[in-house]
Amino acid sequence: MGDSQYSFSLTTFSPSGKLVQIEHALTAVGSGQTSLGIKASNGVVIATEKKLPSILVDETSVQKIQILTPNIGVVYSGMGPDSRVLVRKSRKQAEQYNLLYKEPIPVTQLVRETAAVMQEFTQSGGVRPFGVSLLVAGYDDKGPQLYQVDPSGSYFSWKASAMGKNVSNAKTFLEKRYTDDMELEDAIHTAILTLKEGFEGQISGKNIEIGVIEADRTFRRSPDCSSNRRLSSRGRVAVSFSFRRCFKYPE
Amino acid sequence: MSSEGMDGPKLGFSFDLYSRNDMLTKKGLKPPGYLKTGTTIVGLIFKDGVILGADTRATAGPIVADKNCEKIHYMAPNIYCCGAGTAADTEAVTDNISSQLKLHRYHTGRESRVVTALTLLKSHLFRYQGHVSAALVLGGVDVTGPHLHTIYPHGSTDTLPFATMGSGSLAAMAIFESEYREGLTRDEGVNLVTKAICSGIFNDLGSGSNVDICVIEKGKKEYLRNHLTPNPRTYISSKGYAFSKKTEVLLTKITPLKELVDVVQVGGDAMEE
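The listed protein sequences derive, respectively, from chains A and B.
Number 22 in full-length UniProt numbering belongs to position 22 of the first sequence; there are no gaps in the numbering.
Number 271 in full-length UniProt numbering belongs to position 271 of the second sequence; there are no gaps in the numbering.
Derived by calculation from the structure, the hints in this document are not laboratory data.
Check the hints yourself; a few may be wrong.
[Stated by the list, open to error] Chain B is faced by these chain A residues, among others (derived, beta-carbon under 8 Å):
1) Ile67
2) Arg91
3) Lys92
4) Glu95
5) Leu99
[Said to hold, decoys possible] Anything over 12 Å on all C-beta distances counts as not near chain B; from chain A, calculated:
6) Ser14
7) Ser16
8) Ile22
9) Glu23
10) Leu68
11) Pro70
12) Lys102
13) Arg112
14) Val167
15) Glu185
16) Gln202
A quick note: this is a predicted structure, and the numbers were derived from the prediction, not measured.
Note that CB positions come from ideal geometry on N, CA and C, so glycine has one too.
Take the sequences, apply the hints, and build the full model.
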């Protein structure tokens, strides 16, 4: 690559106008586990595959989908430890906003502040960009919203999006299946089907994670559901979520 | 009082010192004032949890600034805190620690414990060396059971089965000390707390208006705002407060003023424009 002389320093532009470190960060994201999100008319669903390095790993200790505020959740693709730092910072920012204005932070505001943090790390000395892209799902006064935030700090609002390994196939699948007036139940169904497309091995309740937010503005996460998804052996997905009984973060 | 010693039954007031006090006041000595923190807040542990109670009067010196303020502050879904002292201080400190507890809950994924709130509050108050004038009664139920604590403005704490704070604390404590026992039921507990707060409302000048109660049990809480309103407004005059717009004329007397004098120019130049 002709840009190789400029590829080591984050804070130096290459002649083609790129910051090569950010490109590399996006590559790191692209090799991470697939995650996706779909915005329905009455809610948002985010999902990710949870491939553990070995069967000996206690899967209940791994939580890829995290809550930021009672009505905003997030999933990532890329480097897990980087996402933890961002989640922690975002939670604090959301809480500071709440303390100052005595209202829950709007989804766009939180996304903007998280993106600002990610951008800081592309313009400072001695640091590297975050190796994660985040999918932020929330429900506020403007309705259900889904945002993607990239390592560069840019953010986009999506109706449906995917990130990680299987991104192009997943996006094509989503483009075909997405309709504007989709309901949340359909969206969850579509999300699982999309994950199943690129899944290596048998999909089951134990190796995916689903997060959902509906009109009651309470973010819920799947793995702690008492009734799990039944994925029939013939490959057809029978969705039997009972999200009302699902794990809710302590308020 | 009287320097004459015991001679006959003492009936009525002794005004012996009246002339002395009068002379002192005339010379500029200010008599002692009533400026106190003005609150009655209480808490007690009953069979299944904790009950907190508070009056609803906020004072600014001798003036009632708010007749129905909220002194029971939310800390966590299972922890509430009553505040006495400077209202701004109690609000700010409980808001701040409530925020910190929330972040802690997200990070750990667990319900907050009362001792966590206690430690955060007392560290904060100690750091400010008593300048944050907040005296708190903290109560809640967590995995380890029901807890009740008092926190003083300088940062010291007590753990008690029943507690009172504020200027009405003596009146309320009198009720508790005579009637509290372990293993009260919910209704008995609520009645006792109400009685203690009423004692503060009616016997302490700094406390008044209504009674707020908060019952916290394992897994649920009930915030009974204005559980009792023993001081309703009863002084509205049926005639209303409209007064006739005219001033009543009692007497008319006309006194002519001095006659106006016309100045006539006799001669001379008119003034230059």
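Status of each hint after checking the structure:
1. Ile67: Holds - the Cβ of Ile67/A comes within 8 Å of chain B, reaching about 6 Å at its closest.
2. Arg91: At 5 Å from the nearest chain B Cβ, Arg91/A passes the 8 Å test, so the hint holds.
3. Lys92: holds, 6 Å
4. Glu95: Holds, about 5 Å.
5. Leu99: holds, 5 Å
6. Ser14: Holds: least Cβ distance 39 Å, greater than 12 Å.
7. Ser16: holds, 42 Å
8. Ile22: About 29 Å separates Ile22/A from the closest Cβ of chain B, which puts it past 12 Å; holds.
9. Glu23: holds, 33 Å
10. Leu68: violated, 8 Å
11. Pro70: violated, 9 Å
12. Lys102: violated, 9 Å
13. Arg112: Nearest chain B Cβ is 20 Å from Arg112/A, so the label holds.
14. Val167: Label holds. Min Cβ-Cβ 29 Å, cutoff 12 Å.
15. Glu185: Non-interface label on Glu185/A holds, nearest chain B Cβ at 27 Å vs cutoff 12 Å.
16. Gln202: holds, 29 Å
Checked against the numbered hints above, the structure violates hints 10, 11 and 12; every other hint is satisfied.
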